[in-house]
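Colleague: All chains should be built: construct the whole structure from the sequences, respecting the hints.
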Amino acid sequence: MRGRQGREIATGRLPGASLSPPPALHTSHSRDTSRGTTHPTPRTDTAAAMQDSPITRPAAASSLGFGVGLRPVHFPVILERVAQQQLRIDWFEIISENYMVPGGRPLRILDEIRSHVPVVLHGVSMNLGSTDPLDEAYLEGLARLADRVDPPWVSDHLCWTGVDAHNLHDLLPLPYTAETVRHVADRIGRVQDRLRRQIAIENVSSYLSYTSDEMTEWEFLTAIAEEADCGILLDVNNIFVSAHNHDFDASLYVDAIPIERIYQIHLAGHSVQGPLLIDTHDHPVRAEVWKLYERVISRIGPTATLIEWDDRIPSYGVLESEALLARSLCEDLLAHGDSESPRSARSPQVGQE
Amino acid sequence: MTTALSTLQRRLRELIVAPSGVAAAIEELGEPAAAALEQTVRSDGKLSAIGRLEVYANAYFYRIRDCLEGDFGALHAAMGGDRFHNLATAYLIAFPPRHPSLRFAGDRLAEFITAHETAAPFRSNPDGLGDLAHLEWAIVEAFDAADAEVVSRDELASIDPALWVDLRFVFQPALVRLDLDYPVHRFRLAWDAQQRDDPEPNHDDALEDALAELASFERGFHPILVWRSDERVSYRGLEPVEAACLDIALAGDSFGTLCEYLASEVGDGEAPNHAAALLARWQADGLIRGLSAMPPTQIAPYP
Ligand SMILES: [Fe+2]
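Sequence lines, in order, name chains A and B. Take the first sequence: its position 260, counting from 1, is numbered 260 in the numbering used here, and each next residue is one higher. Take the second sequence: its position 67, counting from 1, is numbered 67 in the numbering used here, and each next residue is one higher.
By construction, these hints were calculated from the structure, which means they are not laboratory data. Fair warning: this is a prediction, and the values are worked out from it, not measured in the lab. C-beta atoms are modelled at their ideal positions from N, C-alpha and C, and glycine is treated no differently. You may find that some hints are simply not true.
[To be verified] Okay, the calculated bits of chain B under chain A, using three or more residues with CB under 8 Å as the criterion:
1. 11 to 20
2. 35 to 43
3. 60 to 70
4. 96 to 106
5. 135 to 147
[As the list claims (entries may be wrong)] Not everything, but these chain B residues come out facing chain A in the computed CB check (under 7 Å):
6. L5
7. S6
8. K46
9. L47
10. R52
11. V55
12. Y56
13. E231
Modeller: And the structure:
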């Protein structure tokens, strides 16, 4: 029997987690060394990237605005805000699996909220990195939910969640090898064919790394997104957590991700557990993570941003204020840093108070 | 082509799910396992490979244990935290989670408690823990079962009396019939009341009383109905006659058959009133989706 003591590392329930990279093996890509650590001048990068690549990200990536994860405990207050046209955020994200059910209250409320604002589907069980076959029944259920919700995009994690049909319900990191890149990119391709839409993959927080790694995490993430032609959901907190856990420089990571692949950003709180940071989603976003977020926004311009909070969930007002803080940070940043601020970070909106 | 990756994943999974933790599992498996882990997962000045994998082992166990506690709250209260912890440990060994959603993590817990060879310590003290798990899982199932319109009183009243004898019931899908050995729904009721009014100390007393009552239940026959109506899940004990009538109707037999059974139980004189009362109750509870002249096999499935 499992001993009761000493096994108390709580990680968030059903969070979006993230991966860890190894200590920087080769940081050979040309990230912008000219950039200061704070408030780098924005926009030039964006322009350059747009010239280099014919790929453009979906319009919603820059226009969607600021959202929070939809959690049942907040249903009543959200419905009230929606009815009074006083929703101050722009969109919600749901954990797809929680709504892949036949019926009942959560689905009915989802439909109601969706009739007012966009909802992104964020899954935790696609198991993209596993060597098990893709779960056809799961993809079928996800496709049905996507038809129902018509989300700006569907996302899941760059990780494995189980093997031999044993679901570990966790987001485990993958070895950063060329073989894994091929394996995962091929599976993403098949998922995208099945769903008939592009997906976005999220970097997870990680607590271990593999001796077989051949590249950095950001090289790995980029290689897969490009080979599979999919989007990236950049979890800035996960990058911060993994950078600490594996001793690499988070700014190298965020500066290296191709701008045109970044559909969305996640922000969340983490915890300190001994020598590691753990992606617990049970705190406000930490100051250092806000700083890293500013660095990302300065580089890539307005980008759909979402606050995740899954454990010790606060009142809706507290959660909302985190999203509003992200909005005001972006507005300040883009107003100061760039006279041609790409567009207002505020999307068309009802009932601004 | 992905042999290296599948070997890695199997190696990690074996250690993550080991019931006494990664370090103990490595010790048990011996030197080759220790070497294999060191060759796979990087150790550094911050933490060893074992320590790093242990984070995942903890997360695996506690995430699922917490989910089970959420779905089986009364069972947790009846067993106490320590026993529930051990139950979760034994359950995960016997029935590792296979479904992609945590929603289904507890789908075999009742079966495990009632029938699995390693579950003997959880079948008694008090008796009826398996029944309680059955009841709580039925509540989970009813919560997000398919939606369906149900018939109104007026719709029922408008049916030509001459047709009734051949009509068959179509029930809504968020409905579970259980036959339990112990009336554990009484304990779940006390637990529900405590959940609603957390800070009220007298509910804690009521739960204590319910716990004492749970320990004193005698084995018997306790038919239960669990259903969802207007997004609320309810459950109640059934009188044996109502349970038998409901089972006749659920099996797709006609209202006439139901009435014949009632006549044999309560007499020809009482049967029509009794049938009308059942019908009114089932309608009011939101159980009846419709009535059909066709056998159930010819009725279109729920959308
Ligand atoms: Fe995330």
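Colleague: Now look at each hint and say whether the structure bears it out.
Modeller: Hint by hint, here is what the structure shows:
For the segment 11 to 20 of chain B, the stated coverage by chain A holds: 6 residues have a C-beta nearer than 8 Å to a C-beta of that chain, and at least 3 were required. Judged by the Cβ-Cβ criterion of 8 Å, the segment 35 to 43 of chain B is covered by chain A as claimed, because 4 of its residues qualify and three suffice. Judged by the Cβ-Cβ criterion of 8 Å, the segment 60 to 70 of chain B is covered by chain A as claimed, because 7 of its residues qualify and three suffice. For a cut-off of 8 Å, the count of residues in the segment 96 to 106 of chain B with a CB near a CB of chain A stands at 9, and the three-residue condition holds.
Check on the segment 135 to 147 of chain B: 5 of its residues sit with their Cβ under 8 Å from a Cβ of chain A, so the three-residue criterion for coverage holds. Restraint check, B:L5 versus chain A: the minimum CB separation of about 5 Å is within 7 Å; hint holds. About 4 Å separates the beta-carbon of B:S6 from the nearest beta-carbon of chain A, less than 7 Å, and the hint is met. The beta carbon of B:K46 comes within 4 Å of a beta carbon in chain A, closer than 7 Å, and the hint placing it at the interface holds.
Using the Cβ-Cβ criterion of 7 Å, the hint placing B:L47 at the interface with chain A is satisfied: the shortest such distance is roughly 5 Å. The closest approach between the C-beta of B:R52 and any C-beta of chain A is roughly 4 Å, which is under the 7 Å cut-off, so the hint is satisfied. Checking B:V55 against chain A by beta carbon gives a least distance of about 4 Å; that is within 7 Å, so the hint holds. Given the 7 Å rule on beta carbons, the hint for B:Y56 holds: about 6 Å separates it from the nearest Cβ of chain A.
The closest approach between the C-beta of B:E231 and any C-beta of chain A is roughly 4 Å, which is under the 7 Å cut-off, so the hint is satisfied.
Hint check: no violations occur; every hint is consistent with the structure.
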